[in-house]
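Using the sequences plus the hints, can you model the full thing?
Protein chains in written order, with the numbering used here: chain A, 311 to 592; chain B, 6 to 304.
Heads up, some of the hints might be wrong.
Partner residues are not named here, just some residues of chain B that face chain A (Cβ under 7 Å, in silico) [stated by the list, open to error]:
{"hint": "1", "residue": "V18"}
{"hint": "2", "residue": "I186"}
{"hint": "3", "residue": "I235"}
{"hint": "4", "residue": "L287"}
{"hint": "5", "residue": "L295"}
Hints listed in this document are in silico derivations from the structure and should not be mistaken for laboratory results. Quick caveat, the model's predicted, so the values are computed rather than measured. Even glycine gets a Cβ: it sits at the ideal position worked out from N, Cα and C.
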Amino acid sequence: MGEEKKLSTKKNILFCILSLIVLCVLLFPLFWIFITSLKTEQEIFQYPPTFYPHKLNLKSYAAQIETGDFNMFRAFANSFVISFGAMLIAVVLAVPASYAIARYRFAGRKAMLLGFLVTQMLPVSVLLTPMFIMFKGMHVYNTWGSAVLADATLGIPFSVLILKNYFASIPKELEEAAYIDGCGRLQAFLKVLVPVAKSGIVVCAIFSFLYSWGDLAYGMTFILNQQKRPITAGIFNFMGQYGTRWSYLTAFAIVTIIPVALIFIFMQKYIIAGMTSGAVKG
Amino acid sequence: MKGLRKFFKYDNVGLLFALPAFLYMLVFVGYPILSNIVLSVQDVTVRNLAKGVKKFIGLQNYAVLFQDEVFRLTIVNTLKFTVYSLLFQFLIGFALAVFFNQNFSLAKPIRGLLMIPWMIPMTITALIFKFMFSTDVGIINYLLQSIGLIRENIEWLTNPGIALGCVIFANVWIGIPFNTILLSTGLTTIPQELYESAAIDGANSIQRFFKITLPLLRSTIESVLVLGFIYTFKCYDLVYVMTSGGPVNSTHLMSTYSYKLSFEMFDYSKGSAAANVLLVILMIVGAVYLKITMKGEND
Numbered sequence: 311m312g313e314e315k316k317l318s319t320k321k322n323i324l325f326c327i328l329s330l331i332v333l334c335v336l337l338f339p340l341f342w343i344f345i346t347s348l349k350t351e352q353e354i355f356q357y358p359p360t361f362y363p364h365k366l367n368l369k370s371y372a373a374q375i376e377t378g379d380f381n382m383f384r385a386f387a388n389s390f391v392i393s394f395g396a397m398l399i400a401v402v403l404a405v406p407a408s409y410a411i412a413r414y415r416f417a418g419r420k421a422m423l424l425g426f427l428v429t430q431m432l433p434v435s436v437l438l439t440p441m442f443i444m445f446k447g448m449h450v451y452n453t454w455g456s457a458v459l460a461d462a463t464l465g466i467p468f469s470v471l472i473l474k475n476y477f478a479s480i481p482k483e484l485e486e487a488a489y490i491d492g493c494g495r496l497q498a499f500l501k502v503l504v505p506v507a508k509s510g511i512v513v514c515a516i517f518s519f520l521y522s523w524g525d526l527a528y529g530m531t532f533i534l535n536q537q538k539r540p541i542t543a544g545i546f547n548f549m550g551q552y553g554t555r556w557s558y559l560t561a562f563a564i565v566t567i568i569p570v571a572l573i574f575i576f577m578q579k580y581i582i583a584g585m586t587s588g589a590v591k592g
Numbered sequence: 006m007k008g009l010r011k012f013f014k015y016d017n018v019g020l021l022f023a024l025p026a027f028l029y030m031l032v033f034v035g036y037p038i039l040s041n042i043v044l045s046v047q048d049v050t051v052r053n054l055a056k057g058v059k060k061f062i063g064l065q066n067y068a069v070l071f072q073d074e075v076f077r078l079t080i081v082n083t084l085k086f087t088v089y090s091l092l093f094q095f096l097i098g099f100a101l102a103v104f105f106n107q108n109f110s111l112a113k114p115i116r117g118l119l120m121i122p123w124m125i126p127m128t129i130t131a132l133i134f135k136f137m138f139s140t141d142v143g144i145i146n147y148l149l150q151s152i153g154l155i156r157e158n159i160e161w162l163t164n165p166g167i168a169l170g171c172v173i174f175a176n177v178w179i180g181i182p183f184n185t186i187l188l189s190t191g192l193t194t195i196p197q198e199l200y201e202s203a204a205i206d207g208a209n210s211i212q213r214f215f216k217i218t219l220p221l222l223r224s225t226i227e228s229v230l231v232l233g234f235i236y237t238f239k240c241y242d243l244v245y246v247m248t249s250g251g252p253v254n255s256t257h258l259m260s261t262y263s264y265k266l267s268f269e270m271f272d273y274s275k276g277s278a279a280a281n282v283l284l285v286i287l288m289i290v291g292a293v294y295l296k297i298t299m300k301g302e303n304d
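Laid out in structure tokens, this is it:
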């Protein structure tokens, strides 16, 4: 990059307008469900459709707190607990593993790396039935634990592969200086390397969280208890029962997107970093 | 004890750091893969699951599966879904990547915002498009009518002939950001001087695209397409939520059908067999990806 050509003012304005049009077209679906979630059921079915709520209706959100067959906010909390738990497991396990893979040529290193790469490509349906039988045996079936354990398997391989590049880019001298100062391997790792790799760890934490947040298959298959289900499974259920209550459904959708949007707003640079380094070889 | 100490003295100390994650994956992923293979050559359904008697029946599940017309249809559907999704994601993503690599003032912030669809849970994306494609309240029917393209509302998701197209449409929307951002990153690695000297030599912009951009972007394009194939081929939630495989199986993919066999018909063994067929195809494509990725690891 570096020295890029500057565009002429006219071209600049033209391109800016074009890009705004692209943005509006591509993000229209999100705008549309947000608007819909603020309409009354009547207005949703009105023809021609209205492009902003003529009568502001917040009931779709409020109704969920009090009653409802599907308590959106409880499901939200379930999702949060599950995603946070899976994220913790993924980060705690992946950080040391990626450090080892980046720094040490130990026996079985390549096989391990291959293993992490392969698990990233697995279809969820291969794991569902055996996990289902296993979790029944472990007595975590129908609890948050089952989804946490399963969701962590999404974050671990991704995190290992991303973080190994971060650790590999930290100069060896930094670590050696720590050894000279009398640190052991573990101490040097925790006190010197982990803080330096912090931004990489944030990327992993975000993605591990988002993978679990978006999970449907695990949460739906391993947790049948409506009180404990994540929000994605709850919404799917609700769609099956009341397929056309679009005012509620769009409100659920917006609530589910909120954490994603917040993460995006505050941590955009980490997300772009994760998306790009996740696929390009390091 | 001494031998153990010596073993871990140098590089093998790495094992101690790596083992917890590896063992975790071995227990929760490695073991399920193996047990899925075992399950697929047994006869396990909801009726005999609790009894613990697992009859070995060899490859019978696979044989039945390949006789099953619906399963054969899901193979075709999965291929169509993957190829069309990839084609449009890639072309649109590439066009956007080239566009946003022009150095205009809004380029970076807007390209950033375009990443949002990729982060939204698939369940929600499916819900959004199910709503937009619905026959009576759907905005898509309204828009097409108001510009005069159609006269009557189209039954997008209940017509077996076009439902798969709608699902692909939604999946393209999800995949565009991924393609855009990876190709953008690839584009920034091409030195600007190459274009300048080519321009001096009299190459026009189309020639520059085909003679400079495409060849230099080859490895990025390879990994985008292979990764895209893997993600799309195993896609599950989008279709399951949007259509549940219907109408009349016209949108069933191998992944959704395998789920249906296991968890709606409770024929665990047949579901496992279907999942394994999916896995084999993925692994063949995955081998290409591994070749690309492991290239740098041969030291």
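Do the hints match the structure? See the list:
1. For B:V18, the suggested interface contact is upheld, since its CB lies about 6 Å from the closest CB of chain A, less than 7 Å.
2. Because the smallest distance between the Cβ of B:I186 and any Cβ of chain A comes to about 5 Å, under 7 Å, the interface hint for this residue holds.
3. Taken as an interface hint, B:I235 checks out: its beta carbon lies about 5 Å from the nearest beta carbon of chain A, inside 7 Å.
4. Of the supplied interface hints, the one on B:L287 holds, with its beta-carbon coming within about 6 Å of a beta-carbon of chain A, less than 7 Å.
5. With its C-beta approaching chain A no nearer than about 6 Å, B:L295 sits inside the 7 Å limit, and its interface hint holds.
Going through the hint list in order, the structure satisfies each hint without exception.
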